[in-house]
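So for the sequence shown, my numbering puts the first residue at 376; every next one is plus one.
To be clear, the hints were calculated from the coordinates, so they are not data collected in a lab.
Remember, predicted model here, so these are calculated numbers, not experimental data.
Certain hints may be false.
As the list claims (entries may be wrong) - List time: in silico DSS-like cross-link candidates among lysine-lysine, alpha-carbon distance up to 27 Å: (1) K443 - K430; (2) K533 - K512; (3) K478 - K466.
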Amino acid sequence: MFDQLVFLVIGIVLGGVIIGIIFWLFNIKKLKVDPSSVNQLITNLKTDQAERDGKIQEKLETFSTIGKDMEKEAENMRNIFIRGGPQRIGKVGEWQLKNILDKIELREKEEYEFRKRYQAVDGSTQELDVIVHLPGKRDVIIDSKVSLSGWEEYVNAKN
Numbered sequence: 376m377f378d379q380l381v382f383l384v385i386g387i388v389l390g391g392v393i394i395g396i397i398f399w400l401f402n403i404k405k406l407k408v409d410p411s412s413v414n415q416l417i418t419n420l421k422t423d424q425a426e427r428d429g430k431i432q433e434k435l436e437t438f439s440t441i442g443k444d445m446e447k448e449a450e451n452m453r454n455i456f457i458r459g460g461p462q463r464i465g466k467v468g469e470w471q472l473k474n475i476l477d478k479i480e481l482r483e484k485e486e487y488e489f490r491k492r493y494q495a496v497d498g499s500t501q502e503l504d505v506i507v508h509l510p511g512k513r514d515v516i517i518d519s520k521v522s523l524s525g526w527e528e529y530v531n532a533k534n
């Protein structure tokens with residue numbers, strides 16, 4: 376009986392080894408690849424990489440163009456603030472002031488008036504950039520015509 380058990384165990388082990396070898400050989404055959412399919416895979420990878428490189432290059436060119444446009448706009452703004460004169464500087468300041476008032480959700484003609492004209496005591500016509508209406512029938516008048524050089528003088532003043 377012991378001999379039969381030994382033969383049974385040896386048979387099971389040998390059977391497992393033989394089945395393992397068969398599976399191993401089968402998987403090795405699967406690993407063998409046709410060189411043309413490898414070449415095709417490499418070609419596809421190169422093509423995909425070239426397309427990605429092209430898209431990246433395109434985006435870099437777009438960013439470069441945007442950067443140049445921003446430089447031009449910055450130069451235009453600098454020219455307005457430094458050399459633009461009071462009229463031009465005032466228009467930019469009024470535009471910025473109106474945007475600020477709109478962003479803090481003040482209602483035009485109710486909580487503030489924009490470019491309000493009035494007759495001065497001396498008979499001349501004056502235009503105020505903004506009048507902000509406060510509670511208690513009080514008003515604050517805002518003039519947005521401040522040049523960059525005037526602002527720099529104010530900031531750098533010692534008193």
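Each hint tested on the structure:
| no. | hint | result |
| --- | --- | --- |
| 1 | K443 - K430 | holds (20 Å) |
| 2 | K533 - K512 | violated (36 Å) |
| 3 | K478 - K466 | holds (18 Å) |
When held up to the earlier numbered hints, the structure conflicts with hint 2 and nothing else.
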